[in-house]
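*Asks:* As a plain string of letters, each chain reads:
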Amino acid sequence: DAKTTQPTSMDCAEGRAANLPCNHSTISGNEYVYWYRQIHSQGPQYIIHGLKNNETNEMASLIITEDRKSSTLILPHATLRDTAVYYCIVRLGSNYKLTFGKGTLLTVNP
Amino acid sequence: DAGVIQSPRHEVTEMGQEVTLRCKPISGHDYLFWYRQTMMRGLELLIYFNNNVPIDDSGMPEDRFSAKMPNASFSTLKIQPSEPRDSAVYFCASTQRGTNEKLFFGSGTQLSVL
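Chains D and B are the protein sequences, given in the same order. Quick note on the working numbering: the first sequence kicks off at 4 and runs consecutively. Quick note on the working numbering: the second sequence kicks off at 24 and runs consecutively.
Read the hints as simulated data drawn from the structure, not as lab findings.
Label pairs and their calculated CB-CB ranges:
1) D:K6 / B:D53: 25 to 31 Å
2) B:G51 / D:M62: 19 to 25 Å
3) B:N75 / D:M62: 28 to 34 Å
4) B:D86 / D:A20: 46 to 52 Å
5) D:Q48 / B:L137: 30 to 36 Å
6) B:Q119 / D:K105: 25 to 31 Å
7) B:Q119 / D:K55: 22 to 28 Å
8) B:G121 / D:N22: 27 to 33 Å
9) B:G121 / D:M62: 20 to 26 Å
10) B:N73 / D:L54: 20 to 26 Å
Each residue gets a CB set at the ideal place from its N, CA and C atoms; glycine is no exception.
Please build the complete structure, drawing on both the sequences and the hints.
*Replies:* In structure tokens, the structure reads:
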């Protein structure tokens, strides 16, 4: 699976949009981009995933660049409960192994 | 559904003792994963099962670790003998083929080996 690069930490004001970047320059054509988050002392939680097109669900939006070498997870109106480590993961659809990196610690401030 | 259920939530034991961690996956899920999380190494995949059969155990650190899945609703991760460096949070996760392979994680077992 392709390697990903994320900033170590980010801050965001409550109520504002949080934009979390991820670089995956070695991604191949049939690899998906997945986002998970881990709130302190809890297990990781699935957020969203995509292949080529931008995706949106009730939790977030995923913007994938046209060359697919990077993506951005958008939390449109961050709340204090969104404070967590966010993991960007690239994996083959047929590969059930999910490899977590260090992720980005997002801190939402009041 | 109650989600992935792990027990115990916390385990404190002494070095050399046997430790057994338990997991009940979500009903209907055919894949089960065991992960370990430490500050130093982050989240590591130890082993995963498909239809109760171990598929990849390359992440199991050494022979002291073993995992079983006797049926579709139960799995165990055993450490014998335990060592202080095994102290970590152990997560179990499950998923179902054809659901975009979204993993559902349990709340984890915090293991402390003294």
